[in-house]
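Participant: Sequence:
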Amino acid sequence: MIEILNPAEVAKARVTGRLVADILQTLKKRAAVGTNLLEIDQWTARMIQDAGAESCYVDYAPSFGRGPFGHYICTGVNDAVLHGLPHDYELQDGDLLSLDLAVAKTGIAADSAISFIVGDTRPAQSVKLITATERALAAGIAAAGPGARIGDISYAIGTVLTDAGYQVNTEFGGHGIGSTMHQDPHVPNTGRPGRGYTLRPGLMLALEPWIMADTAQLTFDADGWTLRSATGARSAHSEHTIVITDDGAEILTLPSSS
Numbered sequence: 001m002i003e004i005l006n007p008a009e010v011a012k013a014r015v016t017g018r019l020v021a022d023i024l025q026t027l028k029k030r031a032a033v034g035t036n037l038l039e040i041d042q043w044t045a046r047m048i049q050d051a052g053a054e055s056c057y058v059d060y061a062p063s064f065g066r067g068p069f070g071h072y073i074c075t076g077v078n079d080a081v082l083h084g085l086p087h088d089y090e091l092q093d094g095d096l097l098s099l100d101l102a103v104a105k106t107g108i109a110a111d112s113a114i115s116f117i118v119g120d121t122r123p124a125q126s127v128k129l130i131t132a133t134e135r136a137l138a139a140g141i142a143a144a145g146p147g148a149r150i151g152d153i154s155y156a157i158g159t160v161l162t163d164a165g166y167q168v169n170t171e172f173g174g175h176g177i178g179s180t181m182h183q184d185p186h187v188p189n190t191g192r193p194g195r196g197y198t199l200r201p202g203l204m205l206a207l208e209p210w211i212m213a214d215t216a217q218l219t220f221d222a223d224g225w226t227l228r229s230a231t232g233a234r235s236a237h238s239e240h241t242i243v244i245t246d247d248g249a250e251i252l253t254l255p256s257s258s
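In UniProt numbering, the protein residues as written are 1 to 258.
Hints were generated in silico from the structure; no laboratory data involved.
No experiment lies behind these values; they were computed from the predicted model shown.
Where is the CB? At the ideal position from N, CA and C, for every residue including glycine.
Do not rely on the hints blindly, as some may be mistaken.
Stated by the list, open to error - With a straight-line cut-off of 25 Å between C-alpha atoms, the simulated BS3-like cross-links for lysine-lysine are: (1) Lys128 - Lys28; (2) Lys105 - Lys12; (3) Lys128 - Lys29; (4) Lys105 - Lys28; (5) Lys29 - Lys105.
To be verified - If you anchor each label on the Cβ, the simulated ranges turn out as follows: (6) Tyr197 - Asp163: 23 to 31 Å; (7) Ala51 - Ile2: 22 to 30 Å; (8) Thr170 - Ile2: 17 to 25 Å; (9) Ala11 - His87: 32 to 40 Å; (10) Val127 - Asp247: 32 to 40 Å.
Based on the sequences and whatever the hints tell you, model everything.
Facilitator: Pasting the structure below:
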C-alpha cells in the first residue's frame, strides 16, 4: 500500500516526528558508560506512554523476525546494525550505539535512527561510519521532491556510501510510512536514477542508510531479530522520516530544539 497523506494528517505527522526525535535525543544524552540496554528500553517505554503515544515495535512481528519484537526500541551495539533486540548489556567506553525508534500518535507513525559513540573514546572508524550514513541521508533527502523517483533517492544515497568506500546491502532499506510503520514503496540504499515510483506531495518516506565497515553481508543472532555484520565489523545507521511537499521534502523527525 502506498499512502498519500492530506494536510491534516501531515500536521499530525509533524507532532509524531518531533516526539520520536525528542525521545532519541533524550536517550543519547542519558546513554553513558555503564548504561544497560534494558534501561534504555525502559526509558523509551516511559516516554512513549507519557506522551500518549504507542510503540510500533512491541507487537511488531514481520516474516523475517521471531516475533513479536516485545521491546520499545532497537538497540544496536558495534557490529549490530539493524533490529537490535535490547538485552542485558552495559555500554562500554567507545561503543558505537545505534538507536532506531518508531512511534505512532493520533494514527500517524514516524521512524528515525541515530548512531553515536558512547563515552570519551572516539574510534576513527566509528566516526567515519557515522559521518558517511549522515551524509548519505542528507543526500537522499536533497534528491526527494515532487516528480522525482525512488531511484533518484537510492542513487543519491548509494553514491555517497560507495564513494566513501562502503559496500551497500539492499536486503533492508527505507520505506513508505503513514498510518502504519512499514508501507510501500521500498527505498533501496542504492539504485538507478529515473527509475521507480514517482514522488507526490503527501507521500511520507523513512530513509535509512546503514553500512558495515568491510562487508555487505548480514548474520542473524540467535534471538531471531538482531542483524550483525558477517565479519564482526562495526556498523552505523541514520534515518529520518520525511514528507514530500509541493516544492521539496520536509524532515519530520527533527527535535524540538532544532
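Participant: Compare the structure with each hint and give your call.
Facilitator: Here is what the structure says about each hint:
1. Lys128 - Lys28: Holds, at roughly 19 Å.
2. Lys105 - Lys12: holds, 8 Å
3. Lys128 - Lys29: holds, 21 Å
4. Lys105 - Lys28: holds, 22 Å
5. Lys29 - Lys105: Between Lys29 and Lys105 the Cα gap is close to 24 Å, so the pair holds against 25 Å.
6. Tyr197 - Asp163: 23 to 31 Å: holds, 25 Å
7. Ala51 - Ile2: 22 to 30 Å: Distance hint for Ala51, Ile2 holds at roughly 28 Å.
8. Thr170 - Ile2: 17 to 25 Å: holds, 20 Å
9. Ala11 - His87: 32 to 40 Å: Distance hint for Ala11, His87 holds at roughly 37 Å.
10. Val127 - Asp247: 32 to 40 Å: holds, 34 Å
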